[in-house]
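Take a look at the letters that make up each chain.
There are 2 protein chains.
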Amino acid sequence: MIETIKQYAIGIDIGGTNTKFGLIDTRGEILYRGAISTKKHTDISEFINELYDAVLPAIQSVGTIDDIKGIGVGAPNGNYYKGTIDFAPNLPWKGVVPMAKMISDKFGLPTTLTNDANAAAVGEMMYGAARGMKDFIMITLGTGVGSGIVANGQLIYGHDGFAGELGHNIIIPGGRYHPGTGAHGSLESYASATGIRLTAVELLSQNPTRASLLRQYPLEDLESSHVYECAKQGDDLANEVFQYTGKILGIALANFIMFSSPEAIILFGGPTKSGNLLLDPVQESMEEHLLPVFKNKVKLIFSLLKESDAAILGASALVWDSKKME
Amino acid sequence: MIETIKQYAIGIDIGGTNTKFGLIDTRGEILYRGAISTKKHTDISEFINELYDAVLPAIQSVGTIDDIKGIGVGAPNGNYYKGTIDFAPNLPWKGVVPMAKMISDKFGLPTTLTNDANAAAVGEMMYGAARGMKDFIMITLGTGVGSGIVANGQLIYGHDGFAGELGHNIIIPGGRYHPGTGAHGSLESYASATGIRLTAVELLSQNPTRASLLRQYPLEDLESSHVYECAKQGDDLANEVFQYTGKILGIALANFIMFSSPEAIILFGGPTKSGNLLLDPVQESMEEHLLPVFKNKVKLIFSLLKESDAAILGASALVWDSKKME
Chain A
1 MIETIKQYAI GIDIGGTNTK FGLIDTRGEI LYRGAISTKK HTDISEFINE
51 LYDAVLPAIQ SVGTIDDIKG IGVGAPNGNY YKGTIDFAPN LPWKGVVPMA
101 KMISDKFGLP TTLTNDANAA AVGEMMYGAA RGMKDFIMIT LGTGVGSGIV
151 ANGQLIYGHD GFAGELGHNI IIPGGRYHPG TGAHGSLESY ASATGIRLTA
201 VELLSQNPTR ASLLRQYPLE DLESSHVYEC AKQGDDLANE VFQYTGKILG
251 IALANFIMFS SPEAIILFGG PTKSGNLLLD PVQESMEEHL LPVFKNKVKL
301 IFSLLKESDA AILGASALVW DSKKME
Chain B
1 MIETIKQYAI GIDIGGTNTK FGLIDTRGEI LYRGAISTKK HTDISEFINE
51 LYDAVLPAIQ SVGTIDDIKG IGVGAPNGNY YKGTIDFAPN LPWKGVVPMA
101 KMISDKFGLP TTLTNDANAA AVGEMMYGAA RGMKDFIMIT LGTGVGSGIV
151 ANGQLIYGHD GFAGELGHNI IIPGGRYHPG TGAHGSLESY ASATGIRLTA
201 VELLSQNPTR ASLLRQYPLE DLESSHVYEC AKQGDDLANE VFQYTGKILG
251 IALANFIMFS SPEAIILFGG PTKSGNLLLD PVQESMEEHL LPVFKNKVKL
301 IFSLLKESDA AILGASALVW DSKKME
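Chains A and B, in that order, give the protein sequences.
Just so it is clear: in the first sequence, position 236 is 236 by this note's numbering, and no numbers are missing.
Just so it is clear: in the second sequence, position 51 is 51 by this note's numbering, and no numbers are missing.
These are calculated hints, taken from the structure and not from any lab test.
There may be inaccurate statements among the hints.
One copy or any two copies: either way a pair holds, since identical chains are not told apart in the list.
[What the hints assert, rightly or not] Cross-link-like lysine to aspartate or glutamate pairs, in silico, DMTMM-like; alpha carbons within 25 Å at most:
id : residue 1 : residue 2
1  : LYS134    : ASP160
2  : LYS295    : ASP86
3  : LYS39     : GLU284
4  : LYS106    : GLU284
5  : LYS134    : ASP43
6  : LYS134    : GLU263
7  : LYS6      : GLU287
8  : LYS106    : GLU46
9  : LYS306    : GLU287
10 : LYS134    : GLU240
11 : LYS6      : ASP53
12 : LYS299    : ASP160
13 : LYS106    : ASP221
14 : LYS39     : ASP105
If we strip away everything but chain A, and leave its shape as in the complex, we get (with noise of 0.2 Å):
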């Protein structure tokens, strides 16, 4: 009997609206994309029928699911050593979801599943920013604030497959109120694009004199692009809401390197787009806080995967990787 060379799996992305698949060659190239939506499926078993529809043509593309070796899944709240999603807040299904036994049962295929930002960090060590390096931290910046950990050449999962929520580290203690966790003070609410928003709808409140191109925008239409927009264009209170959101976003990547003295920082998503605007003052009060021994040393970049890519590559590349494979 001639053995079936596997050299072909699906990355799988969930998100809160859309969940994006891809299947993926050993070297990394995508050869088919694919999305459905997550939002509209209330009922996961309706999910999981849509997904595998959806998904078929790709294995046929190539062949057959013999051809497949297994399928990787990131997803927010996912747990690695459980293959479940715990209480995702922005995701249809409440409670303790087995996503990648139901995905596994269903494709007949080995799923291993890990959070979103894990994804994207394993993306980017094996196709991205980080390739060899064996220490790094990965910041998503979007809706939330997402991050995986690599040390030692490892993702850092803890002790319960957890770890790296560093999104929800209090670098303001008592201050802005996070309404999706109820923390104060925590990274998300000011470094998220939602918390980019938020600056900028504080700055034109508080200062209901002050001239600025942002006031072109009815203030509960603003979104954090529009910022970037008016940052471009000079726009001093725009560009007061970058200063800030670096600030913060500094202190805290400052705090991450005195835990796990990264070689790099890579940021990632929506709000990287501002390029040096973010940029700038996030390295400036990076280096103001960091401890002498780290200073001038720890790269802070953009990641070098397209967003869309980024998850599914990295969820794809657990499937290559992975302890839990046969």
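Given chain A, work out where chain B should sit, using these hints.
Then chain B, alone, in the frame of chain A:
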């Protein structure tokens, strides 16, 4: 030729005042203890010579130098990768000291060096409260605040060997000035013995009419142990010092947990003698600042090792464990 079985290790703990050492067998029994002054040796060669003369009787008490597998050293600002002590503010030697090489050359024994808190963490993992744990964080409270971090069963050294400087994490941005580093609001400026003392001094000075047993000591002679003594007797102000210290340390511990999700945090050093007076407010604040997924599952415990033994044991454990060893 019969090879000698090397069944002993030397553990050395270099502190600002004294350097302690022990001869340890494979079961972690300290068979011989000794100490020399660190402080009086501004000439490092003299320090090495006196150390050699002091350690030799330990070796002779069990046999010859051929019975010793190696030497492990814990030192402030010790770098595991390079075997050096780099810019240690509390040691008499300036700049970068190639301590491991100097000791190895003098004794003719392989020598491994790490920072003192890492050594204590290894000691705790092999002989103390962290036995069997693969993920834990050791926080050493003393004149300063040190840390040793274990994840996936390995000490986290970072890309340059300097990981684990958690005492310098910024907890209160813009907060209390730390004269040694110039930082504002670092953990060490509040949670060290020095910080506890300073909190007491501040409370006493800012409330000159408030009665307190602490007023029996002139401010300049006040020590953190006095705060414990007075709190134990029910002194309200002394208790407030612990509440305040616990609140800040608790925020820091919550942040550390959300980084590496350890099974336990182990507190070590002088201030832990205060027992529940310190532990209770720390635990309360830690739980308050954790993301729900981490609440009520991380053990907060005191070290099981005698303070004088932990670093010596941990340093010696490097000898059995070390990848550098031949």
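Note to self: For a quick check of understanding: which of the numbered hints are violated here, in increasing order?
What the structure shows: Those not satisfied are hints 3, 4, 5, 7, 9, 10, 13.
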